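**Student:** Below, each chain spelled out in residue letters.
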Amino acid sequence: MTSAIKDRTAIVGIGQTAFGKGLADSELSLACQAISMAIDDAGLRPADVDGLVMFSMENGREVEVARNVGLGAITYFGEIGYGGGAGCATVGHAAMAVATGQCRVAVAWRARKRSAKGSRPWAQVSQRLGGYQQWTRPFGLLRPVDEIAMLARRYMHEFGATREHLANVALAFRKHANRNPRATMYQKPLTRADYLAARWISEPLCLFDNCLETDGALAVVIVSAERARDLKQRPAYVHAFAQSIPQQCQVMTYYFCDEPLLGPSYACARLLWSASDFQPADVRVAQLYDAFSPLIPLSLEGYGFCQRGEGAAFTDGGALEWPDGRLPTNTSGGGMSEAYVHGFNLVLEGVRQIRGTSTCQVDGAECSLVTSGEGVPTSALLLRR
Amino acid sequence: MDPDFLLPDLEDEDAGPFWQGTARGELLVQACSGCGRRRMPPRPMCPTCRSLEHSWHALSGRGTIWSFVIAHPPLLPAYQALAPYNVITVTLDEDPGLRLVGNLVARPDGPINEVDPATIRIGAPVRVVFQRIGDISLPRWMLEESRQSAVGSRQ
Chain A
1 MTSAIKDRTA IVGIGQTAFG KGLADSELSL ACQAISMAID DAGLRPADVD
51 GLVMFSMENG REVEVARNVG LGAITYFGEI GYGGGAGCAT VGHAAMAVAT
101 GQCRVAVAWR ARKRSAKGSR PWAQVSQRLG GYQQWTRPFG LLRPVDEIAM
151 LARRYMHEFG ATREHLANVA LAFRKHANRN PRATMYQKPL TRADYLAARW
201 ISEPLCLFDN CLETDGALAV VIVSAERARD LKQRPAYVHA FAQSIPQQCQ
251 VMTYYFCDEP LLGPSYACAR LLWSASDFQP ADVRVAQLYD AFSPLIPLSL
301 EGYGFCQRGE GAAFTDGGAL EWPDGRLPTN TSGGGMSEAY VHGFNLVLEG
351 VRQIRGTSTC QVDGAECSLV TSGEGVPTSA LLLRR
Chain B
386 MDPDFLLPDL EDEDAGPFWQ GTARGELLVQ ACSGCGRRRM PPRPMCPTCR
436 SLEHSWHALS GRGTIWSFVI AHPPLLPAYQ ALAPYNVITV TLDEDPGLRL
486 VGNLVARPDG PINEVDPATI RIGAPVRVVF QRIGDISLPR WMLEESRQSA
536 VGSRQ
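Here the protein sequences line up with chains A and B, keeping their order. Residue 132 in our numbering sits at position 132 of the first sequence, and the numbers go up by one each step. Residue 425 in our numbering sits at position 40 of the second sequence, and the numbers go up by one each step.
In short, the hints are calculated from the structure, not lab data. As the structure is a computational prediction, the values presented were derived from the model and not from experiment. Keep in mind that the hints are not guaranteed to be accurate.
Stretch by stretch, here's where chain A covers chain B in the computed footprint (C-beta under 8 Å, at least three residues) [what the hints assert, rightly or not]:
(1) 389 to 395
(2) 422 to 436
(3) 451 to 464
(4) 467 to 476
(5) 482 to 488
Pulled from the structure, derived: some chain B residues nowhere near chain A, Cβ distances all over 10 Å [said to hold, decoys possible]:
(6) Gly-410
(7) Glu-411
(8) Ala-416
(9) Cys-417
(10) Ser-440
(11) Trp-441
(12) Leu-444
(13) Gly-446
(14) Asp-501
(15) Val-514
(16) Leu-528
(17) Arg-532
Here are a few chain A residues that face chain B, going by a calculated C-beta distance under 7 Å [stated by the list, open to error]:
(18) Leu-28
(19) Arg-128
(20) Thr-136
(21) Arg-137
(22) Phe-139
(23) Gly-140
(24) Leu-142
(25) His-157
(26) Trp-200
(27) Ser-202
(28) Glu-203
(29) Val-251
(30) Tyr-255
(31) Phe-256
For each residue, glycine too, the CB sits at the ideal point set by N, CA and C.
Looking at chain B on its own, in the form it has when it is part of the complex:
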């Protein structure tokens, strides 16, 4: 992997536990200790009940593609070398208000430009995989063929 990728900060005040979770192969979101609502991206206060208390809950890592782009140059050098590549936004199964941005890959360790863009569909079911870059594990996503028919109409 190119060392010049833009990477998150493992020690980020609010998001650190998320990235520590991905390093362990877990997809974590904040859940409010006051009202129980999950929230993403992480933040100090619950916008529903204003509680400052929260815990981190592991999600199943399953979702559907909400939207996607195919990025072409000009891009930052590390990314331009991979262009054109996909970026997807995923709606998480546990809560349609929770979304994550990531990339669709063909294999757990595959690059972000391997899936044929013409095959990417909004509504397609995906599951998370984790790819290590330096000290960070980034969530990426693979199509879940077995669930295609089950959620195909939901989009």
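Pulled out of the complex, with its shape left as it was, chain A reads as follows:
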């Protein structure tokens, strides 16, 4: 299949605030700071920006961002839903808008504070539920971790996965964060004994199977490939982009279908690889969405790094660990050990791997895979040098 957007655009600027808990600045302020840094990183001016794509869950609106940062007249703007599934899609929509001429300099971003209204939807549900929540919440399946734990238990039962496999994931990402000065878990080691002794959150998942809770913001700037060649940074070309809502999808509670373990990543991967010059065997570094550790084996299978049911065993022998693993994954620490900003930090780390500036740099990586939320309508990006 020929893709109309293949290598037509590139990420040329990245920006991020510090990560923390209880940051004083508002989500709007954090968004504006990250966007401003990304514009500077690209060597562009705010007035050059004429495209905006954001998460629909974003609290700062496009008009506010544009008025604060002093952006130019905006000719393309859009929003992507479904929380953690949206990260790669905001970049992909920006790339499509630039490739089709609807705008020339697009910004995509995510700003999030755990204390902000709307940041923890599970804790704010009204008492009379309609829609999909009425089939799970009344019974105490309340939080995202409960919803994924249900899938994780079934996965472990069907394929013989164990907590040792989930520990492989948590420990690999922690090791990467230990090298990353920006990471929440910089220089804070985690041992297998720590993992196995941790308190339960939703059995079979413990504390360290969960992502962090983080305040912070990140942004990227996307321009055409032609323009990218004249800018400051080595371009990370948007080689392939895909989204998916799998058949009979239900948000986070994808149980009400024939094959709940064939999640959104399978459908997303089909388009991604068919639009790409690279195949899974060519990929030497990946940023896989990790709100919860069991999403990693599911994504390894969905994106074709192994067969169905082999994702847990894939993590053995340090396979996810930099520098010697077969697929160093979440090389900044990911959502579990760098920061959880709805997976947008994975996009920036994917760009750093192309630039050669990661604190766990994979030498000579020609392409860099980034994925968004498994368990929700999702998206993925394949960047290339």
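Starting from the structure of chain A, add chain B where the hints point.
**Tutor:** Below, chain B alone, put in the same frame as chain A:
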């Protein structure tokens, strides 16, 4: 029962008849009038034949445990008071494509934290019971010991 449990809306456009059914002690699912397929959760259109017509069919209320979790804090207050408690997903006997989320209880009116988590097994046969909370009856599930050997290998 704590009044702060999250409860469904009896008047929900699509699901109202399901909750009206549980209040009568019936487990109902939509069945398409065009192609006959059952579907859960309820919705206006059949994804197989696109018919807008359906009726509600009573199921036997028997199934097997497809998966389960044991929830620990932090939780919403009404639930945290019961933690750790179980939540199970049940595959219904009539149609393996139909699943419901609920809780395993030791008695028809027992709490959701009474069954020893170490005894819960994927594949275990269960049958539905109904527990009243305010104006809503929630389906819960009890182990069906007599069917253990019959379906034990199916999982």
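**Student:** Next, verify each hint and record whether it holds.
**Tutor:** Structure-based check of each hint:
1. 389 to 395: holds (count 6)
2. 422 to 436: holds (count 3)
3. 451 to 464: holds (count 10)
4. 467 to 476: holds (count 5)
5. 482 to 488: Check passed, 7 qualifying residues.
6. Gly-410: holds, 17 Å
7. Glu-411: holds, 17 Å
8. Ala-416: Check passes; 16 Å lies beyond 10 Å.
9. Cys-417: Holds: least Cβ distance 15 Å, greater than 10 Å.
10. Ser-440: holds, 20 Å
11. Trp-441: holds, 16 Å
12. Leu-444: It holds; B:Leu-444 is separated from chain A by about 15 Å at its closest Cβ, greater than 10 Å.
13. Gly-446: With a cut-off of 10 Å, B:Gly-446 remains clear of chain A, as the shortest Cβ separation is near 16 Å.
14. Asp-501: holds, 13 Å
15. Val-514: holds, 13 Å
16. Leu-528: holds, 17 Å
17. Arg-532: The assertion about B:Arg-532 holds, with a minimum of 19 Å to chain A.
18. Leu-28: Violated - the Cβ of A:Leu-28 stays beyond 7 Å from chain B, reaching only about 28 Å at its closest.
19. Arg-128: OK, holds: A:Arg-128 within 7 Å of chain B, min 5 Å.
20. Thr-136: A:Thr-136 check passes; min Cβ-Cβ to chain B is 5 Å, inside 7 Å.
21. Arg-137: holds, 4 Å
22. Phe-139: At about 5 Å, which falls below the 7 Å cut-off, the nearest Cβ of chain B leaves the hint on A:Phe-139 intact, so it holds.
23. Gly-140: holds, 5 Å
24. Leu-142: With a closest approach of 6 Å, the A:Leu-142 hint holds.
25. His-157: Check passed: Cβ of A:His-157 comes within 5 Å of chain B, closer than 7 Å.
26. Trp-200: holds, 4 Å
27. Ser-202: holds, 5 Å
28. Glu-203: Hint on A:Glu-203: holds, closest Cβ of chain B at ~4 Å, below 7 Å.
29. Val-251: violated, 12 Å
30. Tyr-255: holds, 5 Å
31. Phe-256: Holds, about 6 Å.
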